[in-house]
Amino acid sequence: MKIRNLDLNSGKPAVCVPVTEKDQEGIIEHIQELAGSADMIEWRIDYFEDIYSLEKITAVLKKARAAAKNTPLLGTIRTDLEGGNFPVKSLDYRETIKGIAETGCADLIDIEYDTLVDDKGLIGEVENCGVKTVISHHDFNCTPDTKTMYDYLISMKDAGADIVKLAVMPKNPSDVLRLLQVTNDFHKNYPETPLITMSMGSIGTISRLCGQTFGSCVTFGADREASAPGQIDFEELKEIVRILDEAE
Numbered sequence: 141m142k143i144r145n146l147d148l149n150s151g152k153p154a155v156c157v158p159v160t161e162k163d164q165e166g167i168i169e170h171i172q173e174l175a176g177s178a179d180m181i182e183w184r185i186d187y188f189e190d191i192y193s194l195e196k197i198t199a200v201l202k203k204a205r206a207a208a209k210n211t212p213l214l215g216t217i218r219t220d221l222e223g224g225n226f227p228v229k230s231l232d233y234r235e236t237i238k239g240i241a242e243t244g245c246a247d248l249i250d251i252e253y254d255t256l257v258d259d260k261g262l263i264g265e266v267e268n269c270g271v272k273t274v275i276s277h278h279d280f281n282c283t284p285d286t287k288t289m290y291d292y293l294i295s296m297k298d299a300g301a302d303i304v305k306l307a308v309m310p311k312n313p314s315d316v317l318r319l320l321q322v323t324n325d326f327h328k329n330y331p332e333t334p335l336i337t338m339s340m341g342s343i344g345t346i347s348r349l350c351g352q353t354f355g356s357c358v359t360f361g362a363d364r365e366a367s368a369p370g371q372i373d374f375e376e377l378k379e380i381v382r383i384l385d386e387a388e
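Okay, so the sequence shown: first residue is 141 according to the working numbering, each after it adds one.
Hints in this document: simulated from the structure, not taken from any laboratory. All residues carry an ideal CB built from backbone N, CA and C; glycine is no exception. Since no wrong hints were added, every one of them can be taken at face value.
For lysine-lysine, the following DSS-like pairs were computed, each having C-alpha atoms within a straight-line distance of at most 25 Å:
no., residue 1, residue 2
1, 378, 272
2, 272, 238
3, 209, 238
4, 152, 209
5, 203, 162
6, 378, 209
7, 272, 328
8, 287, 328
9, 196, 238
10, 287, 260
11, 142, 238
12, 238, 260
13, 209, 196
14, 297, 328
15, 272, 142
16, 260, 272
17, 162, 209
18, 142, 297
19, 142, 209
20, 152, 272
21, 272, 209
22, 142, 378
23, 142, 328
24, 162, 202
25, 152, 142
26, 238, 162
27, 162, 196
28, 196, 272
29, 203, 238
30, 238, 202
The calculated label-pair distances, taken between Cβ atoms and stated as ranges, are:
no., residue 1, residue 2, range
31, 149, 346, 21 to 29 Å
32, 175, 242, 18 to 26 Å
33, 286, 242, 34 to 42 Å
34, 382, 281, 27 to 35 Å
35, 162, 386, 35 to 43 Å
36, 321, 380, 18 to 26 Å
37, 203, 235, 20 to 28 Å
38, 164, 380, 30 to 38 Å
39, 239, 162, 13 to 21 Å
40, 151, 260, 29 to 37 Å
I would like the entire structure built from these sequences, with the hints used as guidance.
This is how it looks when you write it as structure tokens:
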């Protein structure tokens with residue numbers, strides 16, 4: 141799968157950098173700095189000070205698209221249930237996702253799988269706008285059992301995701317190994333479906349470095365501020381990914 145000039149099936153994980161500034165000026169300035177150096181830029185829209193104004197979100201998004209140039213842009217509204225700032229019970233979640241897609245300015249949009257229990261039609265509406273979907277699940281409390289993690293990936297794929305994403309919190313190194321095993325198994329069985337996985341926190345940092353070995357096609361690195369536990373500096377992450385890629 142190609143997003144602009146980025147090939148997610150190349151075997152080398154793309155380094156995505158989250159932008160978490162609260163105001164328009166800071167958001168655009170940061171995106172301009174990252175354009176061309178990050179493989180992908182994620183705008184964490186749930187950090188935006190006017191998160192409940194679709195009009196203001198779309199205005200910033202249009203400027204963000206220009207600032208990112210040809211770097212793929214991922215739009216994410218992370219809910220409070222999965223570690224973000226947007227109330228999961230808000231009726232605005234669906235309409236905001238749809239409104240973002242309709243601008244055509246984001247190349248990809250993250251949609252939390254658990255918000256789709258009664259509304260899987262949202263995926264089709266987003267894709268009809270020419271936008272790729274990253275269907276995700278984040279567990280900040282634990283690493284579920286192996287079958288549950290694998291079933292989540294299958295369910296997200298079957299729902300129509302272009303890309304599936306799973307992030308979990310380990311309590312010990314064995315949890316990290318199980319997440320990597322699930323990643324490897326899914327990638328082996330469904331190589332046509334791009335996959336993003338990570339084990340969060342300091343214990344799970346290794347999972348952010350070895351995507352090309354187990355099948356995860358995107359890894360997230362921090363620039364000014366981490367958006368999730370365990371993210372490391374994106375410039376260092378790029379260098380590690382490069383070294384591992386050349387060693388294979």
